[in-house]
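Undergrad: Next come the chains, spelled out residue by residue.
There are 2 protein chains.
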Amino acid sequence: MNAGGTGNTAVFPPVVENGTARGRLVLVCEHASNHIPARWGDLGLTAEQRMAHIAWDPGALGVARGLARLLDAVLVHAPVSRLVYDLNRAPHMAGAMPARSEVHDIPGNAALTPDQRATRTAAVYTPFHHGLHSLLMDRLARGLAPVMVTIHSFTPVYFGTPRAVEFGVIHDADETLPRTILSEARARTPLRAEWNEPYSALDDVTHTLRLQATPYGLPNAMLEIRNDLIATPAAEQAMAGTLAPVLSAAIAALPAGVTA
Amino acid sequence: MNAGGTGNTAVFPPVVENGTARGRLVLVCEHASNHIPARWGDLGLTAEQRMAHIAWDPGALGVARGLARLLDAVLVHAPVSRLVYDLNRAPHMAGAMPARSEVHDIPGNAALTPDQRATRTAAVYTPFHHGLHSLLMDRLARGLAPVMVTIHSFTPVYFGTPRAVEFGVIHDADETLPRTILSEARARTPLRAEWNEPYSALDDVTHTLRLQATPYGLPNAMLEIRNDLIATPAAEQAMAGTLAPVLSAAIAALPAGVTA
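Protein chains in written order, with our numbering: chain A, 1 to 260; chain B, 1001 to 1260.
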């Protein structure tokens, strides 16, 4: 195990799919992958732990890909597990390189030095956010008025307690788009949809929104889907089909441009 | 003239001075330079216009360099004129590539296409902000708890009206550091120091603070110095000597870390 090792200087920019899409929507999947690059070994985890929700958001990428196709949206997703670096956390937060996640210790993150934290930040966090930022700035400069929506999934049982919510809509500073998504989801789908569930901005889970959308006044929202509802490729595509009209209606209800 | 031309793919990252400084302070000078790279010709301006305050903040870089030396601070400054791209404005704002500044038309910015706006954004805005962001994230990951202060200058006469204010302190979302800088400036210096003068965040002048500091909870402030007070190298150094104890006291009064 070589957690945080500095012998390798590879960086991990985001994967961009459908980059020439002409719609306003930019979908972001920060927890798309459970891949741990070789330089970080297995972080001291079992194969089962590395497949679990602590390592990624199972199903989120499949749903996001379906939505990108149905809505002519760009998709930006992460190539590295959240256990190496959680892209939805700032570098000084404990959760960025967590020593513990739910009921699991992460041995490879237990005693990171400042150099190791800086190395992971420079290898994973900064390239991802610069890639996403460059894409958003290009579209903003061209007058395409981007709308950013992040796609996440959550575990149906957390610390032993079942969660009833199926679809959560979480906001940062601007509630406009999330409010409309919630009302459209309740009107158009059978999902049990809730506001700021299973988390809210107060839990520090809106970092990507706060960093990439809020400073520019871009409409934005964070969506959370319970992962037992998207546990197969067919279920992922069905969920994309359920949510596409919700997002389409919510985006159509926005003002046409970005307020300068 | 080849304003916004795409024949050249050079990019313009920031200049970093004193990058190994161990103090918390990161000084930023977005309007340090009046340089217009050859690919953008002269933007249709006279030599006199290209020396005027519309092209840069005269004196700001000299003051910032003096402060960096006196306070063991990093200094990050721009290599390109604000008339090519104003780094303190988002790409969709008219002021990012202004067609008019105060009483001057900027012919080279009069009819930019979406491609030209995107090219300038990718060449000047994105590399500057990514360079600054990488530096801040490295220090944040290492636990150095950065404090960001931007250094600007303003013209003593604007649209024909003299300005009495000599030193302006401008805040974004967090007023803590700016409030202390203002009170220390009034207590320790003879400067006529004012709150949110000659501009405020409502004039969209706090973009760099909003993008780089606010999402991370980094203490931050924007400082404006009347440029007739820093019109020679000796005056720049004297102003740095006047302001260094102000900033030092204000930073010492901050909590030790960054709130996660």
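Just so you know, the hints here were simulated from the structure itself, not pulled from any lab data.
All of these numbers come straight from a predicted model, not from anything done at the bench.
Among the hints, a few may not be true.
[Unchecked claim] Partial list, computed: chain A residues near chain B (C-beta under 7 Å):
1) Thr46
2) Gln49
3) Met51
4) His53
5) Ala90
6) Pro91
7) His130
8) Met137
9) Ala141
10) Gly143
11) Arg210
12) Leu211
[Unchecked claim] Computed Cβ-Cβ distance ranges for the label pairs, DEER-style:
13) A:Leu70 - B:Val1103: 46 to 56 Å
14) A:Pro245 - B:Ser1248: 37 to 47 Å
15) B:Tyr1199 - A:Thr113: 35 to 45 Å
Using N, Cα and C, we set each Cβ at its ideal position, and we do this for glycine too.
Undergrad: Check each numbered hint against the structure and report the violated ones by number, ascending.
TA: When the structure is compared with the hints, numbers 1, 2, 3, 4 and 14 turn out to be violated.
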